[in-house]
Amino acid sequence: MKKHTLLLFKNRRPGETVFIEEYRKQGGYTALFKALREMTPAEIRDTVKASGLRGRGGAGFPTGTKWSFFPSDQGGQKYLVCNGDEMEPGTYKDRVLIEADPHQLVEGMIIAAYAMQIPTGYIFIRYAYKNAFDCLQRALAEASEAGFLGKNILGSGFSFELHLHGSAGRYILGEETALLNGLEGKRANPRSKPPFPAVRGLFDKPTTVNNVETLANVPHIINGGADWFASLAYTEGGAGTKLFGLSGHLESTECHELPIGITLGDVVREYGKGVWQGRRFKACLPGGASTPYLTAEHMTVPLDFAPLEQVGSRLGTGGVTVFDDHTCMVEATLNLNRFFARESCGWCTPCRDGLPYVSWLLEKIEKGQGTMEDIDNLRHQVHNINGRSFCALAMGAMGPVESLLRLFEEEIVDHIRKGRCPLKS
Amino acid sequence: MTKPLLNLEKTEQLRSHAAQTEHPRELIVDVLRAIQEENGWVPDEGIELAASILGLSPLQVEEVATFYDKIFRHPVGKKVIHVCDSICCWSRGGEWIVQILREKLGIDLGETTSDGEFTLLPTCCLGACGEAPAMMIGFTLYGNLDAEKIEAILAKERSGGRP
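Residue numbers (my numbering), protein chains in the order written: chain A, 3 to 427; chain B, 32 to 194.
Mixed in with the good hints, there may be bad ones.
No farther apart than 25 angstroms at their CA atoms in a straight line, the calculated lysine-lysine pairs in the BS3-like style are these [to be verified]:
{"id": "1", "chain 1": "B", "residue 1": "K135", "chain 2": "B", "residue 2": "K101"}
{"id": "2", "chain 1": "B", "residue 1": "K109", "chain 2": "B", "residue 2": "K135"}
{"id": "3", "chain 1": "A", "residue 1": "K27", "chain 2": "A", "residue 2": "K12"}
{"id": "4", "chain 1": "A", "residue 1": "K27", "chain 2": "A", "residue 2": "K5"}
{"id": "5", "chain 1": "A", "residue 1": "K132", "chain 2": "B", "residue 2": "K110"}
{"id": "6", "chain 1": "B", "residue 1": "K135", "chain 2": "A", "residue 2": "K188"}
{"id": "7", "chain 1": "A", "residue 1": "K36", "chain 2": "A", "residue 2": "K12"}
{"id": "8", "chain 1": "A", "residue 1": "K132", "chain 2": "B", "residue 2": "K41"}
{"id": "9", "chain 1": "B", "residue 1": "K101", "chain 2": "A", "residue 2": "K153"}
{"id": "10", "chain 1": "B", "residue 1": "K187", "chain 2": "A", "residue 2": "K132"}
{"id": "11", "chain 1": "A", "residue 1": "K369", "chain 2": "B", "residue 2": "K110"}
{"id": "12", "chain 1": "A", "residue 1": "K36", "chain 2": "A", "residue 2": "K5"}
{"id": "13", "chain 1": "A", "residue 1": "K188", "chain 2": "B", "residue 2": "K41"}
{"id": "14", "chain 1": "A", "residue 1": "K153", "chain 2": "B", "residue 2": "K135"}
{"id": "15", "chain 1": "A", "residue 1": "K275", "chain 2": "A", "residue 2": "K12"}
{"id": "16", "chain 1": "B", "residue 1": "K110", "chain 2": "B", "residue 2": "K187"}
Quick caveat, the hints were computed from the structure, so don't treat them as lab data. Please read these numbers as outputs of a predicted model, since none were measured by experiment.
Model the full assembly from the supplied sequences, consistent with the hints where possible.
Written out as structure tokens, the structure reads:
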């Protein structure tokens with residue numbers, strides 16, 4: 003196992019949470035001092051842009067570019083929102099991060115807010131993350147007490163107020179505009195874009211929405227510099243480290259901070275300790291429930307944005323879910339699709355009606371009642387739903403379905419020919 | 032007199048918070064969760080109370096309350112069991128865990144035990160994928176489940192403690 007640098011998990015101890023005293027002992031909040039005392043907001047935005055940091059919440063949009071669209075110089079109310087609605091099956095890294103070392107997120111948000119001259123922030127946390135919520139509540143109180151939040155932070159003249167919002171369920175709130183409606187106390191259907199949140203977001207004011215892990219990287223970038231951060235990745239075009247939450251049929255299913263660009267094979271063998279029960283690797287979701295499958299032929303693919311796109315998948319959230327060779331991929335895809343169908347907000351027809359139809363087709367095939375025509379039907383649905391839904395939820399749902407058709411067509415056909423699931427005796 | 036939906040102190044606290052907030056409506060979820068915490072679920076009167084605290088119409092509150100799966104608009108048992116049925120738990124025997132829970136509790140998903148103790152509901156991913164299969168009772172997360180563990184957890188939860 004090659005040694006690599008840890009940023010986000012450097013203070014992590016199993017079963018413990020690092021609070022302000024220990025965090026500061028380990029160099030916490032030095033980036034805030036540096037940012038507020040030695041750097042202009044524009045310099046911070048430029049540093050983050052130069053670091054190559056890309057969004058860690060699933061879409062992978064370059065963070066510095068997102069910040070550059072923001073009207074930082076415009077006065078008045080603006081908002082910074084942290085998306086902690088982590089609910090994509092297979093994804094649990096933000097929970098681990100917050101429960102291990104919550105002040106990184108708080109410090110990252112204060113620096114981000116200063117960089118975009120934002121006076122008010124919200125941290126949005128999903129219902130099930132009660133412990134993470136409590137950790138953040140304490141961290142916010144400690145940061146206020148230390149003078150890192152509130153008025154005139156460290157005598158810089160910059161003021162920032164940070165609120166914590168506990169949600170009440172539903173995956174769709176992870177979609178940034180649905181999340182904004184949720185924060186406003188409205189029914190959390192997504193909004194149409196444009197206008198983008200940077201123009202008209204929370205309460206119609208300019209808003210930046212970033213993921214937990216994305217924001218937690220910011221203090222490290224400020225302290226270490228853009229070039230250093232970029233150099234942490236194993237890939238030429240990559241930057242930084244990534245939290246990979248392992249799950250499924252591996253011997254060891256934990257969350258690790260690893261350099262961007264580590265190969266799938268290294269993650270499976272070294273950190274997952276191989277496929278469980280001595281079985282063989284059949285497939286995996288490389289980055290959460292909406293990312294197209296990879297197979298055993300992809301073991302040498304670097305887990306980075308561009309290389310994964312080249313093989314038809316996505317880095318997504320970094321939640322790697324592995325399936326062994328006893329797994330029926332039709333059944334796995336049915337489980338995934340049922341999740342998306344149930345979590346659809348019902349706003350648009352391709353999602354509300356299309357996803358249940360896809361579930362019905364997959365269930366029919368899995369039960370051995372499918373016909374060859376159903377494969378065409380499935381393919382038609384993928385084309386019909388992709389690009390036609392109101393937000394990214396239904397398109398995400400088509401990730402596994404599209405890759406099932408592309409990589410496991412023979413297995414689908416086998417179900418139809420045999421009139422039963424070939425993986426069940 | 033029946034028990035109030037929210038104690039006076041909490042109601043006043045929420046009212047004053049709403050009065051100080053630029054957008055009182057943003058507190059809908061907080062108010063609904065407070066009412067649910069006290070009653071186990073949110074009855075029609077709870078919707079009306081939330082509306083009066085926030086200066087909204089009951090319909091404005093209802094359309095939010097019915098959107099969230101963790102706000103209950105029907106009575107539930109003293110404790111709600113959320114059993115994960117998403118992909119990672121499924122890959123490690125989640126369907127079998129649901130089956131065990133149904134048998135041990137004698138109820139189906141969506142039902143409440145006759146003694147009013149437990150309601151069993153499926154939930155999407157709990158963010159415990161490394162400890163699959165998992166469930167949450169109230170806010171307590173239980174991972175790496177098997178039949179024996181479930182037996183012990185239910186016994187302890189039933190007597191009010193934790194295993």
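### Hint check against the structure, violated hint numbers in rising order
6, 9, 11, 12 and 14
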